Amino acid sequence: MSKGQKSLIAVLAVLLIFFGFVVTRIGIAKPSSSVKLVKIPAGEYDPAVWGKNYPLQYESYKKMMDMSPSPTGYGGSVKVQKSEMMPELLINFKGMPFSKDYAEDRGHVYALEDLRDSKRIGPASKGACITCKTPYVEKFFQEDGWGYANKPLNELLDKAEHPVTCAECHDSETMNLRVVNPAFIEAQQKRGIDVTKASREEMRTYVCAQCHAEYYFEPGTTKVVFPWNKGLKPGEMYDVYAEKPGNFAQDWKHPDSQAPMLKAQHPDYETFSTGTHAKAGVACADCHMPYMRSDGQKYTSHWVTSPLKTLDASCSSCHSQGTEWLQERVKTMQDETFQTLHAAGTVIGKAHLAIKTASEVPNADQNELAKARELVRKAQWYWDFVAAENSMGFHNPDQSIHTAAQALDMGYQAIEAANRAAGINTL
Amino acid sequence: MNTGQYLNRNALKLMLIGMVITAIGMAFTVVGFKFADSPAFCGSCHSMEQAHTTWQVSNHKQLACTECHLPNRNLVEKMIVKSQTGMHDTYHEILRDYPASIKLSTKGKEIVVDNCLRCHQSTVENTKMMTGGDDCTKCHRGLVHGIDKNKGGMKVE
Numbered sequence: 001m002s003k004g005q006k007s008l009i010a011v012l013a014v015l016l017i018f019f020g021f022v023v024t025r026i027g028i029a030k031p032s033s034s035v036k037l038v039k040i041p042a043g044e045y046d047p048a049v050w051g052k053n054y055p056l057q058y059e060s061y062k063k064m065m066d067m068s069p070s071p072t073g074y075g076g077s078v079k080v081q082k083s084e085m086m087p088e089l090l091i092n093f094k095g096m097p098f099s100k101d102y103a104e105d106r107g108h109v110y111a112l113e114d115l116r117d118s119k120r121i122g123p124a125s126k127g128a129c130i131t132c133k134t135p136y137v138e139k140f141f142q143e144d145g146w147g148y149a150n151k152p153l154n155e156l157l158d159k160a161e162h163p164v165t166c167a168e169c170h171d172s173e174t175m176n177l178r179v180v181n182p183a184f185i186e187a188q189q190k191r192g193i194d195v196t197k198a199s200r201e202e203m204r205t206y207v208c209a210q211c212h213a214e215y216y217f218e219p220g221t222t223k224v225v226f227p228w229n230k231g232l233k234p235g236e237m238y239d240v241y242a243e244k245p246g247n248f249a250q251d252w253k254h255p256d257s258q259a260p261m262l263k264a265q266h267p268d269y270e271t272f273s274t275g276t277h278a279k280a281g282v283a284c285a286d287c288h289m290p291y292m293r294s295d296g297q298k299y300t301s302h303w304v305t306s307p308l309k310t311l312d313a314s315c316s317s318c319h320s321q322g323t324e325w326l327q328e329r330v331k332t333m334q335d336e337t338f339q340t341l342h343a344a345g346t347v348i349g350k351a352h353l354a355i356k357t358a359s360e361v362p363n364a365d366q367n368e369l370a371k372a373r374e375l376v377r378k379a380q381w382y383w384d385f386v387a388a389e390n391s392m393g394f395h396n397p398d399q400s401i402h403t404a405a406q407a408l409d410m411g412y413q414a415i416e417a418a419n420r421a422a423g424i425n426t427l
Numbered sequence: 001m002n003t004g005q006y007l008n009r010n011a012l013k014l015m016l017i018g019m020v021i022t023a024i025g026m027a028f029t030v031v032g033f034k035f036a037d038s039p040a041f042c043g044s045c046h047s048m049e050q051a052h053t054t055w056q057v058s059n060h061k062q063l064a065c066t067e068c069h070l071p072n073r074n075l076v077e078k079m080i081v082k083s084q085t086g087m088h089d090t091y092h093e094i095l096r097d098y099p100a101s102i103k104l105s106t107k108g109k110e111i112v113v114d115n116c117l118r119c120h121q122s123t124v125e126n127t128k129m130m131t132g133g134d135d136c137t138k139c140h141r142g143l144v145h146g147i148d149k150n151k152g153g154m155k156v157e
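Chains as they are written, first to last, in the numbering used here: chain A, 1 to 427; chain B, 1 to 157.
Please keep in mind that the hints were generated in silico from the structure rather than gathered at the bench. Among the hints, erroneous ones may be present.
Derived DSS-like pairs: lysine-lysine, alpha-carbon spacing no greater than 30 Å straight-line [said to hold, decoys possible]:
#1 LYS36(A) / LYS155(B)
#2 LYS82(B) / LYS52(A)
#3 LYS30(A) / LYS138(B)
#4 LYS155(B) / LYS197(A)
#5 LYS155(B) / LYS331(A)
#6 LYS63(A) / LYS109(B)
#7 LYS309(A) / LYS13(B)
#8 LYS103(B) / LYS279(A)
#9 LYS94(A) / LYS279(A)
#10 LYS155(B) / LYS139(A)
#11 LYS62(A) / LYS155(B)
#12 LYS197(A) / LYS82(A)
#13 LYS151(A) / LYS94(A)
#14 LYS39(A) / LYS155(B)
#15 LYS309(A) / LYS109(B)
#16 LYS63(A) / LYS82(B)
#17 LYS309(A) / LYS61(B)
On a predicted model such as this, the values are computed, not experimentally measured, just so you know.
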């Protein structure tokens, strides 16, 4: 064999290997287009067990340990007191646990830890508090029905070994989406919705909605109830509370104004469901759990967090303006919501004091005082509906700004009523 | 026998062999070119699955990928761009580092818009669109591949 022949063979061999590799990698050994089903025993709540079979999903789930601030400055996964940004919280929640500790929530993986550490929790706390912190609620409910809600929280905390994990949202046999929170299932039933018949697209919202929603504890039983029977808007839910459902009249009495107050609890689903994204058919998971790729394999991100942290994957599949433009839009909506909200919260704080001052005036007009208390209760509900919600308006910008503005208006009306009660004429 | 003599004696045979090889080569090139120009070829890459399936049900399904995504004003330009983008795409297909939703590059968009006009010029020629620099896809985005490039999700099986 001549030198020429040898080098020809060598070149051909290199080409064969190279193109063989290209063809194999692209055409034959393709990344999988589907996820292989591995059944997990029912009642397995440890995410590490699931994670062995669903490594991409589990790896992204573990990113929830990340404690980083929100890129726009609202929300975020850092445990800071919300009152640092909104000092009016301390005045408006005076006399109730949220004035002692109102920390920003961290990721799902910290749900139990943060519950245990919260200063709002004590030996008297009821089992109902664990409803949204762990899939063990499935077990508790299977064993005792709503009886678990009235047990001491500490007793259930000892049994719950894992925070919000896979089983909260997935059927272990089929990996289909499911919901476990009995309060959500019952609330949807009352609205005529059977969650077991929901489409996959609806479930991509319901799995989040089962906890990211407003609720109250039924007096006596501590049963968790969502006030949804009149609708999901702030006014519609207020109307439910006005009727004292199940004898629930108030969360606490404000020590200054003596008004019977309500505490709103993260009405994220309610706010989102009437907003533009929901109406366009977008589900929570579309933005909060966007599709990612790892080595060509598509998977759903289980790093459930602010979509601002996964902005390109979350928004760019529909919005083509680029991440900088998009983030600026979100920040604008949030800034403007915050300014209106902050103004409203501050005025409501003043209203509580005004009512207190008016009530100390001899021969104060009791009728006007009652009106003022009703106004401050309603104003604070509207304000809190936006303040307790986790998106600083983004989930439904127009409604949130409107709600905050209504709160601001009612706050001033409460002050005016207090003035009338005290016999002071203001112009 | 030296090379000269060999060539002289076998001239006819060699010419025949040469012609057969050339014919086979040309056939391969033509078939290869046709195949590389077909949607089946584009869709054979994992990263193009979504684009391929959405195109199949679109109102532009009678057109091949390359009719919109490569310059079609002259063959030389088409071949140059095809080689460039082909190598670029192959490289990333091998590395598997493409994102979940793939977007058009600026150059890619220019090519697409130019191809819109190849057919739809008469529709817009009396409008402001013809002053140039306008982007058809700004409004007609999602026409072929849908607005949500990630629709569909994943199968568990």
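Outcome of the hint check:
1. Restraint check for LYS36(A) and LYS155(B): the C-alpha separation of about 8 Å stays at or below 30 Å, so the hint holds.
2. Taking the CA atoms of LYS82(B) and LYS52(A), the gap is near 42 Å; set against the 30 Å cutoff, the hint is violated.
3. Taking the CA atoms of LYS30(A) and LYS138(B), the gap is about 33 Å. The hint is violated against a cut of 30 Å.
4. Restraint check: the Cα-Cα separation between LYS155(B) and LYS197(A) comes to about 19 Å, which is no more than 30 Å; the hinted pair holds.
5. For the given pair, LYS155(B) sits about 35 Å from LYS331(A) by alpha-carbon distance, which is inconsistent with the 30 Å threshold.
6. Using a Cα cut-off of 30 Å, the hinted pair LYS63(A) and LYS109(B) is violated, with the two alpha carbons roughly 35 Å apart.
7. About 70 Å separates the Cα atoms of LYS309(A) and LYS13(B), which puts this hinted pair outside 30 Å; it is violated.
8. Between LYS103(B) and LYS279(A) the CA atoms are separated by roughly 25 Å; this keeps the pair inside 30 Å, and the hint holds.
9. About 37 Å separates the Cα atoms of LYS94(A) and LYS279(A), which puts this hinted pair outside 30 Å; it is violated.
10. At most 30 Å may separate the alpha-carbon atoms for a hinted pair to count; LYS155(B) and LYS139(A) meet this at roughly 29 Å.
11. Using a Cα cut-off of 30 Å, the hinted pair LYS62(A) and LYS155(B) holds, with the two alpha carbons roughly 23 Å apart.
12. Restraint check for LYS197(A) and LYS82(A): not satisfied, since their Cα atoms lie roughly 39 Å apart, outside the 30 Å limit.
13. Simply put, LYS151(A) and LYS94(A) have alpha-carbon atoms about 27 Å apart, close enough for the 30 Å limit, and the pair holds.
14. Taking the CA atoms of LYS39(A) and LYS155(B), the gap is near 15 Å; set against the 30 Å cutoff, the hint holds.
15. Straight-line distance between C-alpha atoms of LYS309(A) and LYS109(B) comes to about 27 Å, which keeps the hinted pair within the 30 Å bound.
16. Under the criterion of a C-alpha separation no larger than 30 Å, the hint pairing LYS63(A) with LYS82(B) is inconsistent with the structure, at around 40 Å.
17. In summary, the hint linking LYS309(A) to LYS61(B) is not supported, as the alpha carbons are separated by about 36 Å, beyond the 30 Å threshold.
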